[in-house]
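S.K.: Here is what each chain is made of, one letter per residue.
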Amino acid sequence: MRILVCVKRVPLTGGKIVLTEDAQAIETRHLGFTISPHEECGVEEAVRLIEASGGESVVLTLGPPEAVEQLRDAMALGIDRAVHLVSDVEEWDPQATAGAIVEAIRADEAANGPFDLVFFGNESADAGNYQVGIRVAYALGRPVVTGLKGVAVEGDVVRCEQEVSGGRDVYVLPLPAVVTVLEGLNLPRYPSVPAKLRAQRKPVEASSPTRPSSKLEKVRLVVPEGQGKEAVILGHGPEAAPAVVEMLQQIGVV
Amino acid sequence: MVLVYVEEPSELGQQALAFARELGGPVHAFTADVTAPVEGVETLYVAEGDAFASYAPAAIAQALVELVERLSPAAVVAAGTERGNEVLAHVAAKLDLPFSANCVAATTGDPFLVTRVRWGGSLLEEAHLHGNVKLLTVQPHVVAAEERAGEPAVERFTPALSEADLVVRVVERVPAAAGGVSLAEAKVVVSCGRGAGSPEGFGIIEELAGLLGGAVGCSRAVTMAGWRPHTDQVGQTGTKIAPDIYIACGISGATQHMAGCKGAKAILAVNTDPEAPILASADYAAIGDLHEVVPAISAEIRKAQAQKAGRG
Ligand SMILES: Cc1cc2nc3c(=O)[nH]c(=O)nc-3n(C[C@H](O)[C@H](O)[C@H](O)COP(=O)(O)OP(=O)(O)OC[C@H]3O[C@@H](n4cnc5c(N)ncnc54)[C@H](O)[C@@H]3O)c2cc1C
Ligand SMILES: Nc1ncnc2c1ncn2[C@@H]1O[C@H](COP(=O)(O)O)[C@@H](O)[C@H]1O
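Residue numbers (our numbering), protein chains in the order written: chain A, 18 to 271; chain B, 5 to 316.
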């Protein structure tokens, strides 16, 4: 089996989001980077499926040169190799992102055969466009299910489970297919030190696609109101309890 | 005119209709759910046929595409639910049009100027939405729903579907085991983060939640450690909650956690660190070790309840 996972590098914002002067991006000078927890679960699932059935797992990102860090992280979890579509700092809109991913998948499949499954996050951590996976599926002419918390390959079909209010909805898709997943699909492993070292030697294939014009075109970012309240201190230590309960009574929950 | 996709009879569907009316021009609706009682629109288009017996996103999207081609709406709007976003992304892919998910505002024109949600609501983006038909969804709970009476004209149609539109559909619904208070709907949520120190640290959290008839939540630090299941996680990639009071113990207040509790009417933080970022989003705080503060609150509630019982 061959499986591809698509991940996006995003800043690890802490308690407060600070923007750059031109309001085009988050100020990241003092921040670390990561990928969405949804995508992390996609990586873990791909590794488990290949461990169980044999074959090859590949991770792909479209991102700046530094995004190779996220590719190495995925390979430390057990992914075999990486494809890096190197972009400039400018963010690509979801249509352009999907286009570049489709081109890269076509090129890889021409050389190595089709991917049975392509994993996406349900939505990217930062932009939350809810669409790149679906666009890629249409371009490849493959079925797609979103928001999955269960993915089981059974012969030449994949059984997919979605949490909905009242239970789980089940879909059964023929392979090859595209799936978008949610955190909670599995509990990703922590990479071991030897696995991290091995990841440094795994192959990364880089290319630089050109960015088409944006049709969902960012004008500027705005931090919403609501940050910067000041909490009323009801007390320190166990002595705070009476004031807390008085407040709970006022709200009407005690 | 604006065409609104109404998934099912719901508050969020009403919010999407209200958002669409704000755009100006006549509003028409489309549904594949015959039970959706849509009022206050000019025409309600209802897709019929076996394809719509269970949820099939590509089939619903194809029905919308057929209407778009026939009616040439200025925009197609849906609620920013999982399925609203999914169906509109299918429409976008089929028509190769841009699509803006989870908008909080839109100004018409060409392009539209939209304000949309990023980072689960922790950040907003103003963007130009291009395309000859503007596709967008409405972020839940930012515009008020409005009930509009008025029977619409109803037009039933059977869209022309391809094999591919029918491949992906719900084939089975596995009912959930009946559990305790649902996190998403609880009036009171008591959560704990890394400050719990261990899975056993949740004993006092469960006790307090029990006394208040509430649900237990947690942060991602806790689920990553394997202390609690992901179904307990509050946040951007966990459950979105909207209780009357959210009691967050030993949680620092990362933006991704706070994205899940923006709907809380009030927040009480219990934290050893008076500088913790959560204090900038909380209404109340108790500074101290949660292992001491939380049992003291529980004891005080028992006292209050006993007094009330004594009086009553
Ligand atoms: C894309 C993305 C999505 C994410 N989604 C989520 C999400 O859905 N939900 C989520 O929670 N996180 C999410 N995160 C992770 C988030 O960024 C934080 O890492 C996480 O919320 C931190 O959890 P915490 O507050 O429990 O731990 P910490 O940040 O380590 O905070 C622990 C807090 O406990 C206090 N404390 C310690 N001991 C005690 C004690 N004895 N008594 C009282 N207070 C004490 C400390 O002062 C500190 O404030 C996401 C991250 C990313 C990048
Ligand atoms: N720049 C990118 N590189 C690789 N994959 C991406 C990129 N952007 C988005 N994706 C994938 O598409 C999913 C959905 O993204 P979005 O449509 O932006 O919400 C993400 O969870 C990723 O799996």
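Take these hints with a grain of salt, some might be off.
[Stated by the list, open to error] Restraint ranges, calculated between C-beta atoms of paired labels, are given here:
#1 A:169 x B:38: 30 to 36 Å
#2 B:157 x A:45: 28 to 34 Å
#3 B:176 x A:215: 36 to 42 Å
#4 A:128 x B:210: 25 to 31 Å
[What the hints assert, rightly or not] So the derived list for chain B, only partly shown, Cβ under 7 Å to chain A, looks like this:
#5 50
#6 90
#7 158
#8 161
#9 165
#10 172
#11 204
#12 290
[Stated by the list, open to error] Pairs of lysine to any residue residues, derived as SDA-like cross-links and limited to a Cα-Cα distance of at most 25 Å, are as follows:
#13 B:269 x A:19
#14 A:235 x A:117
#15 B:244 x A:71
If you're looking for bench data, these hints aren't it; they were derived computationally from the structure.
Glycine included, every Cβ here is placed at the ideal spot set by N, Cα and C.
S.K.: All the hints need checking, so say for each whether the structure fits it.
M.R.: Against the structure, the hints come out as follows:
1. The hint said 30 to 36 Å for the Cβ distance between residue 169 of chain A and residue 38 of chain B, and at roughly 33 Å that hint holds.
2. Between residue 157 of chain B and residue 45 of chain A the beta carbon distance is about 53 Å. The supplied range of 28 to 34 Å is therefore violated.
3. For residue 176 of chain B and residue 215 of chain A, the Cβ-Cβ distance of about 41 Å falls inside the hinted range of 36 to 42 Å, so the restraint holds.
4. Checking the proposed 25 to 31 Å range against residue 128 of chain A and residue 210 of chain B shows it is violated: the Cβ atoms sit about 54 Å from each other.
5. About 22 Å separates the beta-carbon of residue 50 of chain B from the nearest beta-carbon of chain A, more than 7 Å, and the hint is not met.
6. A distance limit of 7 Å between C-beta atoms decides the matter here; for residue 90 of chain B the minimum to chain A is near 5 Å, and the interface restraint holds.
7. A distance limit of 7 Å between C-beta atoms decides the matter here; for residue 158 of chain B the minimum to chain A is near 28 Å, and the interface restraint is violated.
8. Of the supplied interface hints, the one on residue 161 of chain B is violated, with its beta-carbon coming no nearer than about 23 Å to a beta-carbon of chain A, more than 7 Å.
9. Nearest Cβ of chain A to the Cβ of residue 165 of chain B: about 14 Å, over the 7 Å cut. The hint is violated.
10. Evaluation of the residue 172 of chain B hint against chain A yields a held restraint, the C-beta minimum of about 5 Å falling below 7 Å.
11. Checking residue 204 of chain B against chain A by beta carbon gives a least distance of about 19 Å; that is not within 7 Å, so the hint is violated.
12. Interface hint status for residue 290 of chain B: upheld, as the beta-carbon distance to the closest one in chain A is roughly 4 Å, under 7 Å.
13. Distance restraint check for residue 269 of chain B and residue 19 of chain A: the Cα-Cα separation of roughly 48 Å exceeds the 25 Å cut-off, and the hinted pair is therefore not satisfied.
14. Restraint check for residue 235 of chain A and residue 117 of chain A: the C-alpha separation of about 19 Å stays at or below 25 Å, so the hint holds.
15. Proximity of residue 244 of chain B to residue 71 of chain A is assessed by CA-CA distance (about 38 Å); at most 25 Å being required, the pair is judged violated.
Violated hints, listed in ascending order, are 2, 4, 5, 7, 8, 9, 11, 13, 15; each of the other numbered hints is respected by the structure.
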